[in-house]
Amino acid sequence: MNNLYKLFADNIYFKRIFSIRQSIAAYSFASFLDIIIILIISKIFSKITSYDFNGNIYQYIFYSLILIIFRTGSVFLLRKFSFSRIFKKKLIFEKIYVENFIDSRIKRGKQNEKDLRIFKEKLINSSNLAAVNFDIPIFSIVAELIFSIGGIFILLRIFGLNLLLLNLPVLIILIIFSRFVSRQLSSLGTKILDFTDKRINTIDNLSEIAIELSALKKSRKLLDYFSKVNKPYNLILSQQVISSNMMQIFTESGAFLIILISLVCIITNLSETSLANAATSLAVLSRMVPSFTRSISFLTQLQFGVPSVKRLSQIYDY
Amino acid sequence: MIINIFGPSGSGKTTLIRNLLISESTEKFFSIYSNERSKEKSKNIISISLMPIPLFRGTVAEFFDIFSINIDHLLTLNRELKDLAQSIFGKINKNVLHEIKLRRIETLSAGEIRRLFILKSILVESNLMIIDEPFSNSDENLWLKIYEAINLKENSILLSHFSLQKFFGSKKNYISIHINDAKRL
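Line order of the protein sequences matches chains B and W.
Using the numbering used here, you'd call the opening residue of the first sequence number 1 and step up by one each time.
Using the numbering used here, you'd call the opening residue of the second sequence number 1 and step up by one each time.
These are calculated hints, taken from the structure and not from any lab test.
Just to be clear, a hint being listed does not mean it is correct.
A few chain W residues facing chain B, derived, Cβ under 8 Å [claimed, not checked]: (1) 45; (2) 49; (3) 92; (4) 96.
A virtual CB, placed ideally from N, CA and C, is assigned to each residue, including glycine.
Bound conformation, chain B alone (with noise of 0.2 Å):
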């Protein structure tokens, strides 16, 4: 118990959940109310679409659209919660990490100019990509999964194992497509950290003697120097959305490959299913297989952030 204690506290990811934990509760929960509430509508529905109905409709139609507002305003509210609690955490930590470089200035000796580059790299770039890459889609993930899992076994008990096995297939080639996009992903955010820190540099070397050469006329060479890293570093980043559109593009026609599957299922009545079913499904289905489909996207994306949560969670060795 104790050393699975440790792994948990020692692991830098998981510290790192951690320190996110109440983004992720009030996504989750912004989730939980979404799948409760879809299934509160689906009931209506199935209730005014039954043969033996006999109330008024328009009472139904009215508790349908103020759950909707309701849903729209509450998921909104927790979400935005959510995010800002995020940017607050980036706001402590880059503090922190300001206050860890004062006071271990002078200690580092030789280090300095290591540490001062990799100082800028972090406050500049590793922690905008730790927040929007890792820490985003950490709380995504885990929400997406809550709607998904819970669609599921809405789905489960209306169409039986059936609906499972025909999209499984699928499923397996999304699972497949998407560690390879998760590869390139991390190879991309290892690149993308050490290209940003000579970048800085560059940058820096540039502003500082760009009026020596102004003064000489002779910009070429400055900006052949400038190049030779902004070019590299701009193709990661080009590669970066690359990857990361084609993931999604794939994920979207995996998406319509479910929905296809299941609206058969639907038609050809193969899991005879009632018509109340049906509309509950297809309730659950328009939020549940985006969602699903998401996450297996944020799940790649979060490749790109841990080089950037690693970097982060470096300290001086001193």
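Given chain B, work out where chain W should sit, using these hints.
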């Protein structure tokens, strides 16, 4: 020809030069004192090294390359420039050249960096050179070496807090002007 503008710290020497550079009238200013004809604007290629010293973080090879200076020329410098270069890097020969190329500038002392920027300003192609406080951060025994190296350049403006005359005696190749007189122009 060296025009030495001197005056105490904070008297506005660097500001004067910066203003001349902004208004592109540095060569005109130089020609008034040196009685030389002002060159065309398009030819105004000025090699400057102002204070404070720029913080360049990189290797000596990178630094020379940015200024289009062939670092191998360090092996073929004349006596004055060789003395100046050796006051920065120590003894220079073929065996240590590679080491010098890879040396990071931020590891040099403040005086060595100052002299490196002076050396760069001399080696780079220009028709006017401006050096701000060339003797700062350097021991007095190096001042003559710095002066001799600067003197190799045809046209120079040298800013210092003392008159060159005070240290090097009266020589024909420089004019010392107090900053207040220079400002009056």
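Cross-check of the supplied hints:
| no. | hint | result |
| --- | --- | --- |
| 1 | 45 | 6 Å, holds |
| 2 | 49 | 7 Å, holds |
| 3 | 92 | 23 Å, violated |
| 4 | 96 | 21 Å, violated |
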